[in-house]
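Engineer: Assemble chain S onto chain U, guided by the hints.
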Amino acid sequence: MSGAVDVRWPTQPGVGAIERRRRRFGFLLTVPALVCYLILILYPFLSSVVLSFFKSTLMAPDPVYAGFDNFNRLFGDEAFGKAWLRTLVFVVLATSLTLALGLIWAIVLNQGFRGAKLLRAVTLLPWVMPSAVTAMLWAWLLHGQYGVLNAYLGRLELIDEPIVWLASPIGAMAAIILAKAWLSTALVMTFFLAALQTLPMEQVEAARLDGASNRRVFRYVVLPHLKKTLVVVMVLQAMGNLQQIDVIYAMTSGGPASATSVLSIEVYKTGFQQWNMGLAAAIGVVWFFTISIPAVIYLRTIFRD
Amino acid sequence: MLGTQRVVVAIKRGIKAALLGLSCSAVISMADDSVFIGWSQAEVGLKPTMEKIFAGFQAANANHKLEVVSLPFGQIEQNLVLRRRNNQRMDVAQLQERWLPPFVKMNALYDLNQVIGADKLAATFDPVMLKLGQVDGKQVAIPFTAGAITLIGNRNVLKAAGITNPPRTIAEFTEALKKVKASNKDVIPFGFSTKGTALMQVESTIIFWAHGARFIDEKGKVLVDTPEARAALKYLADLVKDGLIAKGNDRFDTRKLYAADKVAFFLDPPVLRGFVRAQSPGPDADAKVMILPVPTLRAGDDPPGLLWAHFLVMFNHGGASPKSDGQGAKLLAAIGMDVTAQTTLWRETGQIPTLKTTLADARKDSYASAFLDAAKTARWDETTRFANGAELRQIIGEEVEAAMLATKSVDAAISAMAKRLDTALKDVR
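Protein sequence lines correspond, in order, to chains U and S.
What the first sequence shows, in my numbering, is residues 1 to 305, in sequence order.
What the second sequence shows, in my numbering, is residues 1 to 429, in sequence order.
Next comes chain S alone, as it looks inside the complex:
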């Protein structure tokens, strides 16, 4: 009996100690630190600059511990949703524009007009940029950077191929790709992503728009089952078949190859500059970068582009809005509202700033002004407005991938895409 009693007592003590330890660590964690979650600080082009910003914040707030959680871009949305659903600590996070709707629907984000103050935000940010982070009248996010995904050319590669004028129409673009391939078989003419459905969906959206095709309208009606969409997908599939798009690369692979002058054209947002500088041999990395309008079916059409923005948000853990002098708000301000931080990011990585003063400075640079011009005719991704946008994007990416890799015919892929999108949108229409 004595032995049994001892075992029972030991088990009870063990459970009590474990629970006490967990609760203590949770209390300590809540009181004295902030958690930032993002991906930029893990990417080669932005890492050094982001680390400087965090170090500066930590130095200015020595009594406060900053925990920086770095995740790959493709894992951010999932991790944030899981952390939110499990009520794990998140103070400030970096989001892309397409991830805002599900978090807004979950009521997961603070209205930053209540935290920072509407007047202060209006005085700090460019008004067009600030509006990007508004949903239903609430300022759910502040813009960290914004621009458009557009066509990038490699000046060195195009010069070697004898291409002097950038292509304006799809026909001219195809000719340029063929010229590049003929001049050097080791260069990829068009660095379109053929690995990873997320990036394939993004880039194919631009090509579909260039062909006059659409996926979904604002009310959730599926619009993809059209001759224009089939033409767009056939165009991409033919480029793969003709060796003008290489298989097995995603945008991160393509950036490395572009920096090594192995890619002629590809689609990228403004953060490209940081990657090119970090990965190009030699001092003239910036000189090779050409920001071009996306080719269109007919000369004179508005070039399509995908509006692109990174935001900073504060997660709502219940209770009253945090104070403007609280640690979370200070962290948000240090990363997203500090002129020095934004200027450093702009100068070192090409990330287009969103503050009034820094944006005015950046507009004088041809790199930034080219991306900002592209943004004038750019649109938001059609899946962005829907809370199940992740599912819609996966469907589009999978069917585009299937057609481009010739595991499905173009007709079958478009039909399947339309059917699957329709099923997925039933609950949201």
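In isolation and in its complexed conformation, chain U is listed as follows:
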């Protein structure tokens, strides 16, 4: 339409047909993945959205249309509001801690000292462990009566009585944040390390020649170079933390007293303990829209680049 030649559509007769066949063939190759996506992701998702407008419980498993009743109940429930805020607290703190630890460790490993490669390999171990196993290990470490941490603190005479870390709301939240950060730091470190290794050393040397301290080099040379990686990693971590259920459920089951009951736990409890499937689907819809926020940021970032 602008007068420019579209090189994808040659003008020779018969060649357009070949191109269409290639495209059709290419599309057919994606059909298995598309079928899996439709069956395993899109259909369950749409079913959940539809179910959120119905009343479906253990006593009345055949769904009855309820309009926005489930959503009204959710938004009128103070407990749900608290669960949403708790989710936000968990995501912000877990993401921040993971990014900080990952970045620090990447900078350390990037120094290239002897044994750095071995350390890098060892750092990846938490990442390959199943998250439920990690959660159980942390729960055991922090157990009030026979946990390893209390045993060592007691021997060092730093505490008089065992501390029941998972029995206080703040302790339990800190524990799950720590466990999740421990699990995810390896992956974040890998991203940052890869980015650091593309940092032009001439810029660092030039800055040092100009008298810049370590802090200034980090702030004005390293950080700007890592900016894109930081955004992508931060958004991916936030999305992952928003979906987190296994570590939290295995460590605290959402307790004590719902102190670690985030949206994923609320969906599970409402759907599979209270058997209120319609309400659980409504929580799921709210959860989806919450996750969509960082997802949109992520997609815009990568497509812009």
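These are computed hints drawn from the structure, not numbers from a lab.
Since we're looking at a predicted model, the values are computed, not measured.
Heads up, some of the hints might be wrong.
[Said to hold, decoys possible] Label pairs and their computed distance ranges (CB to CB): (1) S:K47 x U:V128: 23 to 33 Å; (2) S:D217 x U:E157: 50 to 60 Å; (3) U:L125 x S:N61: 40 to 50 Å; (4) U:V89 x S:K185: 28 to 38 Å; (5) S:A182 x U:S213: 55 to 65 Å; (6) U:K228 x S:D411: 27 to 37 Å; (7) S:G74 x U:A151: 33 to 43 Å; (8) U:Y152 x S:Q88: 39 to 49 Å.
[As the list claims (entries may be wrong)] Some residues of chain S that are not near chain U, with every Cβ distance over 12 Å (derived): (9) E67; (10) K120; (11) A123; (12) V128; (13) Q134; (14) R155; (15) P166; (16) K179; (17) K234; (18) S280; (19) M290; (20) H317.
Here a beta-carbon is modelled for each residue, glycine too, at the ideal position from N, C-alpha and C.
Structural biologist: Chain S alone, transformed into the frame defined by chain U:
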């Protein structure tokens, strides 16, 4: 065109092969095996004995494959409901008494009078025990074991604390707890569950009843918003505050600590013996176990207890009732109606039997007779009769937990409990 056609044909063949494989495996699965789902075979105290029973059944039915699905106690109800709703194969399952109503409402259980025969059941089981598994005149379950949840004392710990007489009233009980704490700060005076709302609900029910409080009446009217309930919850919260109940333990943790003489009192059903034997060092594990009545407000009141029973059921997958000589019925009989199996379970784990002959034998033992005496004044959990009992129990457990861990005041917890129970019971009243 040729390449495209090949891809389309390959996709169609792939889908056909997958569907054929799935249908074949389903047919094979339906014809030649039985599925048992339960939790006892996964618990340390009962595992060896249950495995012997399954091995015996498999040896006697060599052409028949038995699939045993073991799940943790806290996951059983959910898994059974999900499997039932998805029509997954389940032949015989172990249920607790509180899980019967939702499955009865779903019409998910066979009337065992039709499968085994009413006469045979009446001839085999103790009549009181057999009645526990009846709902609306149908025998929906056979009793696997029954008794009551009552107070357990640790003879070694109490002796070391200088406590010679078991406490009868709540005031005496509190004094005993303080004495234990003063004698040894490493011992937990009262091993009340403070982790996991399911167990907290069970154990708090007994304490509430001891204070004269109730939760719900038979018609679904909420009764918990009373001074008695507030007194009961305040009692528990104060015990936590004073360090007489430890935070962060559930009953499974407490059993381990009890076996290691680190707990003075706790609440448990008769299966305790298996755990104590499995987890106690030394040969005299049984000697430390004291079965005590739950303390009451006033001396002479009937001690409360929670009626407790495990049942065996057969799941209804539609169609006619299974035959009494079918594999499902044989499996049920092998686990729940076999004298040898019941005697082994009783002798090795303390699980109180329900058959006429084995129960008569067990009554001669002081351990069993103490639990059976406790059952005389015990009651069913007030949430058991409701199909949404799981939701009601979760509400009670959460609010009790909040008050005991001081994230809510006692008043706020009781008020919230009453309001939430009322909302949940609206549809069932």
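Engineer: What are the numbers of the hints the structure violates, in ascending order?
Structural biologist: Going through the list in order, the structure violates hints 6, 7 and respects the others.
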